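K.L.:
The primary structure of each chain is shown beneath.
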Amino acid sequence: MEQGRKSPGYSAADQMVVSAARRINDGDVVYVGTGLPVMATYLAGYMHAPRCVVILEVGIIRTSPGLLSRSIETLETQTMSDSLSDLFYVSSMAQHGFFDLGFMGAGQVDRYGNVNDTGIGDYYNPTHRWLGCGGANDLVSCCPKTIIILRQSKQRFPERVDFNTCPGYLDGTPGAREAAGLPPNTGPSMVITNLGIYEFENGEMVLTSIHADAGVTLEQVKAEVGWDLKVSSQLEETKPPTEEELFTLRTKVDPDGLYVDGKRAAPR
Amino acid sequence: MEQGRKSPGYSAADQMVVSAARRINDGDVVYVGTGLPVMATYLAGYMHAPRCVVILEVGIIRTSPGLLSRSIETLETQTMSDSLSDLFYVSSMAQHGFFDLGFMGAGQVDRYGNVNDTGIGDYYNPTHRWLGCGGANDLVSCCPKTIIILRQSKQRFPERVDFNTCPGYLDGTPGAREAAGLPPNTGPSMVITNLGIYEFENGEMVLTSIHADAGVTLEQVKAEVGWDLKVSSQLEETKPPTEEELFTLRTKVDPDGLYVDGKRAAPR
Amino acid sequence: MAKVKTLKEAISDNVRSGDTVFISGMRHGAPSAAIHEIARQRIDHLSLIYCLGMTSILLIAEGLVDKMYTGTAAQDEKTNAALQRARSLNKYPVFEEYSHFGICLALLAGQMGIPYIPTKTHLGSDLMKYNPNLTEDECPFTGEKVAAVRAVVPDVGIIHTQISDAEGNAQKWGSLGVDRPGINASNRVIVTTEKIVDSDVIRRNPNNTIIPSFRVDAVVEQPFGSFPNHLAGCYNGDTLDFQRETRKMEDLEMYLKDQVHGLGDWNEYLEKRKSIKGRDYLESLKIQNPILSDPVITGF
Amino acid sequence: MAKVKTLKEAISDNVRSGDTVFISGMRHGAPSAAIHEIARQRIDHLSLIYCLGMTSILLIAEGLVDKMYTGTAAQDEKTNAALQRARSLNKYPVFEEYSHFGICLALLAGQMGIPYIPTKTHLGSDLMKYNPNLTEDECPFTGEKVAAVRAVVPDVGIIHTQISDAEGNAQKWGSLGVDRPGINASNRVIVTTEKIVDSDVIRRNPNNTIIPSFRVDAVVEQPFGSFPNHLAGCYNGDTLDFQRETRKMEDLEMYLKDQVHGLGDWNEYLEKRKSIKGRDYLESLKIQNPILSDPVITGF
Numbered sequence: 001m002e003q004g005r006k007s008p009g010y011s012a013a014d015q016m017v018v019s020a021a022r023r024i025n026d027g028d029v030v031y032v033g034t035g036l037p038v039m040a041t042y043l044a045g046y047m048h049a050p051r052c053v054v055i056l057e058v059g060i061i062r063t064s065p066g067l068l069s070r071s072i073e074t075l076e077t078q079t080m081s082d083s084l085s086d087l088f089y090v091s092s093m094a095q096h097g098f099f100d101l102g103f104m105g106a107g108q109v110d111r112y113g114n115v116n117d118t119g120i121g122d123y124y125n126p127t128h129r130w131l132g133c134g135g136a137n138d139l140v141s142c143c144p145k146t147i148i149i150l151r152q153s154k155q156r157f158p159e160r161v162d163f164n165t166c167p168g169y170l171d172g173t174p175g176a177r178e179a180a181g182l183p184p185n186t187g188p189s190m191v192i193t194n195l196g197i198y199e200f201e202n203g204e205m206v207l208t209s210i211h212a213d214a215g216v217t218l219e220q221v222k223a224e225v226g227w228d229l230k231v232s233s234q235l236e237e238t239k240p241p242t243e244e245e246l247f248t249l250r251t252k253v254d255p256d257g258l259y260v261d262g263k264r265a266a267p268r
Numbered sequence: 001m002e003q004g005r006k007s008p009g010y011s012a013a014d015q016m017v018v019s020a021a022r023r024i025n026d027g028d029v030v031y032v033g034t035g036l037p038v039m040a041t042y043l044a045g046y047m048h049a050p051r052c053v054v055i056l057e058v059g060i061i062r063t064s065p066g067l068l069s070r071s072i073e074t075l076e077t078q079t080m081s082d083s084l085s086d087l088f089y090v091s092s093m094a095q096h097g098f099f100d101l102g103f104m105g106a107g108q109v110d111r112y113g114n115v116n117d118t119g120i121g122d123y124y125n126p127t128h129r130w131l132g133c134g135g136a137n138d139l140v141s142c143c144p145k146t147i148i149i150l151r152q153s154k155q156r157f158p159e160r161v162d163f164n165t166c167p168g169y170l171d172g173t174p175g176a177r178e179a180a181g182l183p184p185n186t187g188p189s190m191v192i193t194n195l196g197i198y199e200f201e202n203g204e205m206v207l208t209s210i211h212a213d214a215g216v217t218l219e220q221v222k223a224e225v226g227w228d229l230k231v232s233s234q235l236e237e238t239k240p241p242t243e244e245e246l247f248t249l250r251t252k253v254d255p256d257g258l259y260v261d262g263k264r265a266a267p268r
Numbered sequence: 001m002a003k004v005k006t007l008k009e010a011i012s013d014n015v016r017s018g019d020t021v022f023i024s025g026m027r028h029g030a031p032s033a034a035i036h037e038i039a040r041q042r043i044d045h046l047s048l049i050y051c052l053g054m055t056s057i058l059l060i061a062e063g064l065v066d067k068m069y070t071g072t073a074a075q076d077e078k079t080n081a082a083l084q085r086a087r088s089l090n091k092y093p094v095f096e097e098y099s100h101f102g103i104c105l106a107l108l109a110g111q112m113g114i115p116y117i118p119t120k121t122h123l124g125s126d127l128m129k130y131n132p133n134l135t136e137d138e139c140p141f142t143g144e145k146v147a148a149v150r151a152v153v154p155d156v157g158i159i160h161t162q163i164s165d166a167e168g169n170a171q172k173w174g175s176l177g178v179d180r181p182g183i184n185a186s187n188r189v190i191v192t193t194e195k196i197v198d199s200d201v202i203r204r205n206p207n208n209t210i211i212p213s214f215r216v217d218a219v220v221e222q223p224f225g226s227f228p229n230h231l232a233g234c235y236n237g238d239t240l241d242f243q244r245e246t247r248k249m250e251d252l253e254m255y256l257k258d259q260v261h262g263l264g265d266w267n268e269y270l271e272k273r274k275s276i277k278g279r280d281y282l283e284s285l286k287i288q289n290p291i292l293s294d295p296v297i298t299g300f
Numbered sequence: 001m002a003k004v005k006t007l008k009e010a011i012s013d014n015v016r017s018g019d020t021v022f023i024s025g026m027r028h029g030a031p032s033a034a035i036h037e038i039a040r041q042r043i044d045h046l047s048l049i050y051c052l053g054m055t056s057i058l059l060i061a062e063g064l065v066d067k068m069y070t071g072t073a074a075q076d077e078k079t080n081a082a083l084q085r086a087r088s089l090n091k092y093p094v095f096e097e098y099s100h101f102g103i104c105l106a107l108l109a110g111q112m113g114i115p116y117i118p119t120k121t122h123l124g125s126d127l128m129k130y131n132p133n134l135t136e137d138e139c140p141f142t143g144e145k146v147a148a149v150r151a152v153v154p155d156v157g158i159i160h161t162q163i164s165d166a167e168g169n170a171q172k173w174g175s176l177g178v179d180r181p182g183i184n185a186s187n188r189v190i191v192t193t194e195k196i197v198d199s200d201v202i203r204r205n206p207n208n209t210i211i212p213s214f215r216v217d218a219v220v221e222q223p224f225g226s227f228p229n230h231l232a233g234c235y236n237g238d239t240l241d242f243q244r245e246t247r248k249m250e251d252l253e254m255y256l257k258d259q260v261h262g263l264g265d266w267n268e269y270l271e272k273r274k275s276i277k278g279r280d281y282l283e284s285l286k287i288q289n290p291i292l293s294d295p296v297i298t299g300f
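Chains as they are written, first to last, in our numbering: chain B, 1 to 268; chain P, 1 to 268; chain D, 1 to 300; chain X, 1 to 300.
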């Protein structure tokens, strides 16, 4: 599937990262998962959000954008941080509600924003297994807003996930998260893919923007969703990456080309 | 009350500190309360227990005896420690059961080793108030053995304390600590006063040694106990301080004479 | 630099009537300057968490304290002038009593954003009977009895540190008492510091940061801000004068009049102490034989 | 010096068949030398807690692991040679799955000596259904729902640090992942360290001590003991070779034969890597632009 390659100047992955970066406000305290979330956050740091705070689960807290590296945890990532603490500290601050935004990848995301990082099919005999959630469950359980970023396909957008690793709005009934005991005013706020951008209305994912400039059509989007997708009445066309955004992404965020088309060029 | 002054060479307080110091084995990990316990532990460190580990609740962990100072928490106490951590760390290690010995003072101690550091009489309208227990409750709740050191008087040795701040063997019935939820194999093991030494048999305090060389008699001891005291069938006479012990106490542990007759010479 | 304030501003902006206030430093590095400023501004109806707090008696004496969460505190009204003064003002505080670990756990639960935390301490003691923030519970796995300690989330926490950058990345070393859970549990944070340093100094030793900038609301540079307490790497303590000057009622009254309300700020206080004790007094408290660590190496 | 051992001794003395083993380092400073030694000694029936563990696949591949407490771990048997090899040995591990905070809390409860600890995470997720160490509970004060995480107390913990004294006062800096709760929860502790230093070095910066001597059973000096992981102040990581050399079954078999069982110890392993990658290989991983902190000052 290679939608999103009309314009020679950028890829669908670029659009995904750039769209995500734009959602970070200057000064935001952002709990950042591994991979594309780090790229997007560093891009925001170099562009419009120089004072955003980058929090990594291993205990790294930094206000100067770091160097992207092959893994989230390297000496490049640690060096000249404001604070090197630990997972307990970072997760405690998240659970207390001191962060503004969580930013994570996902194996699958469903109609109600539930994320599966575990497996497809029977838990004990899955047809596919992911690694598990790492810190992603903590992030989406605790952050007031969470952005989920992933490459979209019908298989990765089922109506209901087989295994709910990171709770979204559960079965979509109002108050379901609070009833489960999750902190109030938390949960996924946005899903950004290589095809479009989704927000949540009454706990259900709604398409709010299409990467039209990259050649994506509504039909393409719907073809890669596993349920009868709601489309916003104010559906927008995603603003394509600016030259400055692309230049910054390629020269400052990932000068060594560690990421190709949104995937790590080498194993983690 | 000035029992224990027969011999000109030492005071009852010296006997108390020396007797306590002798109970520390080389290599013991000792959770040490403020005041006399620190003196006794440092004395042990200079004498027969150079490898004992001194733990102070504020987070100080040291294997070299420090300088005694007016307060348990000074730069002298901190300097050249093995570890400067915090109260959470130290208390966690105690609660896990990693310490050998607790060592504390007390306002009152009763027949079953319960300590009152709170008040006499009605809680809301006491006739006497102490400061509260600080870390002493934690210490005696968690340590496999705890030595309590205090100057003895009938008022400080009631049959039952009015307020149980630091639990001993509660009402003395077998298994009372465990039934209350306290960790098994914990509790006070010894009480050392200016008159004698007490151990616990079936949860009850029993006199095992009298500071006879300091002029203390069994009658004097009994007169300063608020119940019908059990006396060990193997009652001993406390071995008086040796010259080396006294010399070390005066020249190394407390060269500035911060403690006079077991009391701080100046307010904490 | 928007966070850098005078102590007066930092306190008036962030400490409010009715607040639960965490004061860091179990003697070591307790923020005496800030406490005097709270007394000076007469911010009232406070609930205080301040383990081994010495200068807290000023707040009690001024009738500013509704509640003390405490492990040890003077409570003998017959002999304590501050308590007597609070009584005369009809502002005698309520004391909620824990062990020190109990207070630490209340703050840790607060830091963690959970409503309570279990412990094996306090069980069997009468502390359980009188402190409404302690109750028995049982382990849902083993059924064993535990004491549950209810979370305390301070509205504001105050910490004094050796260094901080202007954004509030603050570093404290030495014994840390309940500093970490207390300051990290607090919703607003005031950092007073001996010295505001370049962020570069912080970032070359990031493991020493006790609270990062995004958690900090105000940064105040205040040399000798912990005096008469001690502060590792900076100065020794000398608490006897304070204790003597505040013990008897007439002395306490005079202290409040002359050394709290009669002075504009902490620098005037320090001058006052020098005028009493001699020009070299503060200098004499500074560390005489500094011990230097090897540099901590980072980089790639 | 009685605690200073060879790695072989330290592992055989302290890691036993059936043990629950905590491995420190979420990549940063993970004790690769020690893990290779466990594989070499084929100590089996282990339960492992090793977050972001990379070299743990060696233990799985050898059929030594009964259980993994995990937040992320390769579990796709179809594509993972180590799992396939474990299956062929009839030693496929059980995976008990948490979030990373969940594992951290299990260890924290272990460190604290309490049977469980509450959290607001995991609730509403299917992790609660399948992990027997997670259950719902309610706050005895507020009645609100929490998830209870059962304590894990490792029989033995292994940490690799930059420095330690011969008694085991070990200092680690950089990002600390779950090192503190994990190593402090462990009943026995093995410290492997880049360099054994004088106690004086430790005592001049006592805040950096991650575990004090009385908690430590064995101290092993092992330069590059975390390679191919990185270690702050010492060397960068280079994990691609390890990942490539252990991905396919035939490569994994060869790695186990040649680089685990075919070698006597970690120094031979390092020589082997140099013979493959060039004499300057390890030197080239060392920090190129070291950044030095200001000295931490103490004393009185």
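Hints in this document: simulated from the structure, not taken from any laboratory. All figures in this text were calculated on a predicted structure; none of them were measured in a lab. Quick reminder that beta carbons are idealized off the backbone N, C-alpha and C, glycines included. Among the hints, a few may not be true.
[Said to hold, decoys possible] Heads up, simulated DSS-like pairs for lysine-lysine below, C-alpha to C-alpha not over 27 angstroms straight-line:
#1 B:K252 to B:K239
#2 P:K145 to D:K274
#3 D:K274 to P:K252
#4 X:K78 to X:K129
#5 B:K145 to D:K129
#6 P:K145 to X:K3
#7 X:K248 to B:K154
#8 X:K78 to B:K145
#9 X:K145 to X:K129
#10 B:K252 to X:K286
#11 X:K248 to B:K145
#12 B:K145 to B:K239
#13 X:K248 to D:K145
#14 D:K129 to X:K145
#15 X:K286 to D:K145
#16 D:K129 to P:K145
#17 D:K274 to D:K248
#18 B:K222 to B:K145
#19 X:K248 to X:K91
#20 D:K78 to P:K154
[What the hints assert, rightly or not] Facing chain B, from chain X, some residues (calculated, C-beta under 8 angstroms):
#21 F101
#22 L108
#23 T135
#24 E144
#25 G177
#26 Y281
#27 L282
#28 E283
[As the list claims (entries may be wrong)] Taking CB as the label site, the calculated pair distances span:
#29 X:E250 to P:P144: 51 to 57 angstroms
#30 X:P132 to D:R87: 51 to 57 angstroms
#31 X:P132 to B:K239: 47 to 53 angstroms
#32 X:E144 to B:H128: 34 to 40 angstroms
#33 D:D198 to B:G175: 16 to 22 angstroms
K.L.:
With the threshold set at 27 angstroms, check whether the alpha-carbon distance from K248 of chain X to K145 of chain D stays at or below it.
P.N.:
violated (50 angstroms)
K.L.:
Are K145 of chain B and K129 of chain D close enough, with their CA atoms no more than 27 angstroms apart?
P.N.:
Answer violated: K145 of chain B to K129 of chain D is near 41 angstroms, above 27 angstroms.
K.L.:
Holds or violated: K248 of chain X with K91 of chain X, Cα cutoff 27 angstroms?
P.N.:
Holds. K248 of chain X to K91 of chain X sits at ~19 angstroms (cutoff 27 angstroms).
K.L.:
Decide if the proposed pair is consistent with the structure: K222 of chain B and K145 of chain B, CA atoms, cutoff 27 angstroms inclusive.
P.N.:
With Cα atoms ~25 angstroms apart, K222 of chain B and K145 of chain B stay inside 27 angstroms; holds.
K.L.:
Verify the interface restraint on G177 of chain X: the C-beta must sit less than 8 angstroms from at least one C-beta of chain B.
P.N.:
holds (5 angstroms)
K.L.:
Would the pair K129 of chain D and K145 of chain X pass a check requiring their Cα atoms to be no farther apart than 27 angstroms?
P.N.:
The hint holds at about 25 angstroms.
K.L.:
Taking 27 angstroms as the top limit, are the C-alpha atoms of K286 of chain X and K145 of chain D close enough?
P.N.:
At roughly 52 angstroms apart (the allowed maximum being 27 angstroms), K145 of chain D and K286 of chain X break the hint.
K.L.:
Can the restraint linking K274 of chain D and K248 of chain D be considered satisfied, given a maximum Cα separation of 27 angstroms?
P.N.:
Holds, because 23 angstroms separates the two Cα atoms, which is no more than 27 angstroms.
K.L.:
Hint check: K145 of chain X vs K129 of chain X, CA-CA at most 27 angstroms. Holds or violated?
P.N.:
Distance of about 16 angstroms is within 27 angstroms: holds.
K.L.:
Below or equal to 27 angstroms on CA atoms is what counts here, so check K78 of chain X against K145 of chain B.
P.N.:
Cα-Cα ~36 angstroms, so violated.
K.L.:
Are the Cα positions of K145 of chain P and K3 of chain X separated by 27 angstroms at most?
P.N.:
holds (26 angstroms)
K.L.:
Quick check on a hinted range of 34 to 40 angstroms for E144 of chain X and H128 of chain B, using CB atoms only.
P.N.:
For E144 of chain X and H128 of chain B the Cβ distance comes to about 36 angstroms; the hint holds.
Checked against the numbered hints listed earlier, the structure breaks hints 2, 3, 5, 7, 8, 11, 13, 15, 23, 26, 27, 28 and 33; every other hint is satisfied.
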